[in-house]
Amino acid sequence: EAAVTQSPRSKVAVTGGKVTLSCHQTNNHDYMYWYRQDTGHGLRLIHYSYVADSTEKGDIPDGYKASRPSQENFSLILELASLSQTAVYFCASSDRGGDAETLYFGSGTRLTVL
Amino acid sequence: GDKVKQSPSALSLQEGTNSALRCNFSIAATTVQWFLQNPRGSLINLFYLVPGTKENGRLKSAFDSKESYSTLHIRDAQLEDSGTYFCAAEANYNVLYFGSGTKLTVEP
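From first to last, the protein sequence lines stand for chains A and B. Using our numbering, you'd call the opening residue of the first sequence number 12 and step up by one each time. Using our numbering, you'd call the opening residue of the second sequence number 1079 and step up by one each time.
Because the hints were derived from the structure by calculation, they are not lab data. There may be inaccurate statements among the hints.
[Stated by the list, open to error] Under the rule of at most 16 Å between Cα atoms (straight-line distance), these lysine to aspartate or glutamate pairs were calculated in the EDC-like manner:
no.: 1; chain 1: A; residue 1: Lys29; chain 2: A; residue 2: Asp73
no.: 2; chain 1: B; residue 1: Lys1138; chain 2: B; residue 2: Asp1154
no.: 3; chain 1: B; residue 1: Lys1138; chain 2: B; residue 2: Asp1159
no.: 4; chain 1: B; residue 1: Lys1181; chain 2: B; residue 2: Glu1158
no.: 5; chain 1: B; residue 1: Lys1132; chain 2: A; residue 2: Asp110
no.: 6; chain 1: A; residue 1: Lys29; chain 2: A; residue 2: Glu90
no.: 7; chain 1: B; residue 1: Lys1081; chain 2: A; residue 2: Asp70
no.: 8; chain 1: B; residue 1: Lys1081; chain 2: B; residue 2: Glu1145
no.: 9; chain 1: B; residue 1: Lys1181; chain 2: A; residue 2: Asp49
Next comes chain A alone, as it looks inside the complex (with noise of 0.2 Å):
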């Protein structure tokens, strides 16, 4: 089974400080991506990388960075929190090739900013 680990669960950060999330996958997958997910509201994608030491902006980077240091491990980064970044962040990771593209998701990581 494959298994996605976030941490932290929850945070609660202030506007202008900087915020680091992070995930670890032992899928051995290529491909790790970030989403945030708004009350009521489907995912949307942040960035995502499809090998160490590069990422790739999705949908909506504007606000944040990531950081791949290897295939393991890929983090979010916050460098001046805002109130608007209230949300669950969740990172997935999958492989290519047809059925390995299905996304295995973190258990998410709930992030308040005041």
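Position chain B relative to chain A; hints supplied.
Then chain B, alone, in the frame of chain A:
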């Protein structure tokens, strides 16, 4: 506008009944995935589809790329089927667009 529109937004079923959820796409979807977000918030993958159909137990899903829609059929609904169902479509490489979800409540 929304690239992926799900309907209905909410649905209540009696245990043992059947229902269908639908996604319409305004993008040229090439693949579709369906997920269940359970009441604890975890996202569980249900189906990965290229055009065609798949079945898994009481769930069956279809994806018609020409007519730009996908459906998820639930047969003999059980209490544990409750949660929010999301469909997601891929058109551009590596970008999945999610719908807003269908919140399903199964009642005894």
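Now the hints, each set against the structure:
no. : hint                  : result
1   : A:Lys29 x A:Asp73     : holds, 15 Å
2   : B:Lys1138 x B:Asp1154 : holds, 12 Å
3   : B:Lys1138 x B:Asp1159 : holds, 13 Å
4   : B:Lys1181 x B:Glu1158 : holds, 13 Å
5   : B:Lys1132 x A:Asp110  : holds, 12 Å
6   : A:Lys29 x A:Glu90     : holds, 5 Å
7   : B:Lys1081 x A:Asp70   : holds, 12 Å
8   : B:Lys1081 x B:Glu1145 : holds, 14 Å
9   : B:Lys1181 x A:Asp49   : holds, 15 Å
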